[in-house]
Structures are given as C-alpha cells and as structure tokens.
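Take the sequences, apply the hints, and build the full model.
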Amino acid sequence: MKKTMSILLVTIMLFAFLIPSTGCADKPDYASPHDAIVAQQSGENIIGKTMKVVADKDVTLGFIYTQTDISVGANVGVGIYTDSNTLHLDQDYTGIHKGQTVIVKIVDYDDHLKTSINFLVTPIK
Numbered sequence: 010m011k012k013t014m015s016i017l018l019v020t021i022m023l024f025a026f027l028i029p030s031t032g033c034a035d036k037p038d039y040a041s042p043h044d045a046i047v048a049q050q051s052g053e054n055i056i057g058k059t060m061k062v063v064a065d066k067d068v069t070l071g072f073i074y075t076q077t078d079i080s081v082g083a084n085v086g087v088g089i090y091t092d093s094n095t096l097h098l099d100q101d102y103t104g105i106h107k108g109q110t111v112i113v114k115i116v117d118y119d120d121h122l123k124t125s126i127n128f129l130v131t132p133i134k
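Mapping of the sequence shown onto the working numbering: residues 10 to 134, in sequence order.
Do not rely on the hints blindly, as some may be mistaken.
[Stated by the list, open to error] Computed cross-link-like contacts, EDC-like style, restricted to lysine to aspartate or glutamate with a CA-CA straight-line distance of at most 16 Å:
| no. | residue 1 | residue 2 |
| --- | --- | --- |
| 1 | Lys134 | Glu53 |
| 2 | Lys58 | Asp44 |
| 3 | Lys134 | Asp78 |
| 4 | Lys61 | Asp38 |
| 5 | Lys114 | Asp38 |
| 6 | Lys107 | Asp65 |
| 7 | Lys58 | Asp38 |
| 8 | Lys107 | Asp67 |
| 9 | Lys58 | Asp35 |
| 10 | Lys61 | Asp35 |
| 11 | Lys123 | Asp78 |
| 12 | Lys114 | Asp44 |
| 13 | Lys134 | Asp38 |
| 14 | Lys58 | Asp117 |
| 15 | Lys114 | Asp92 |
| 16 | Lys61 | Asp44 |
These aren't lab readings, by the way, just hints derived from the structure by calculation.
Predicted model only: the values in this text are computed from it and were never measured.
Given below as structure tokens:
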C-alpha cells in the first residue's frame, strides 16, 4: 500500500510540473501582428483581443514594433498605451526591450492610410 501511494504521489507531482510546461496557459487571440491584421482586414472586431508581439526594438517613443508586412501590403506599428484617460502612445514607457516576447491587449488601431496600420496596445504579460 505504501509503495502504491508513493507511486501515485510521484505521478501526481510529475503532472503538476508538466502541465504548465505544455502550454496549457492562456494563449493570445493572435500569434503575431500579421495575424491581427489579417483578421481585421477580413472584418473581425480585434478591439479587446490579445496579440503576441516580439519587440523589434527597445521602446522608442512608445513603439515596440515597426515592420513592413509585404503579404498584407502595410507598414505595421505596435505602440504602448497605459493612460486610461487618453488614447495616445506612452512615450515615457520603458518596460519592454528588443527581443522580448510580450502578450498585449489591443485597445485601438489606426488604418486610415490603408498602407499602414498602427495598433495601440496595453501590455498584459
């Protein structure tokens, strides 16, 4: 009986350690800014959804990501928003650095130029 309980306890502990490493945590709605653009262009409401971003720069004037996405024909920017009173970039934010992967919530976006889309986001993780 002791041996059975020991084996059961070890098995439970193994599962407790393995479950978090298998990616069972919350996943973002969009795996990249590209996926969010494709969803937005197909008519999906992307406001309030989450997106994974790999910062291509230290925060510069509020932006953590600026790239040209040839497949959707647009320049893409991802800017940090932290002020709940106004919709503008937080130019003093310094919490994200080049190469860091972050999950962000899409607060707003601007695509009025049709060759450019800028996401206003709030960092989640």
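Next on the checklist: Hint compliance check: list the failing hint numbers for this structure, sorted ascending.
Outcome noted: 1, 3
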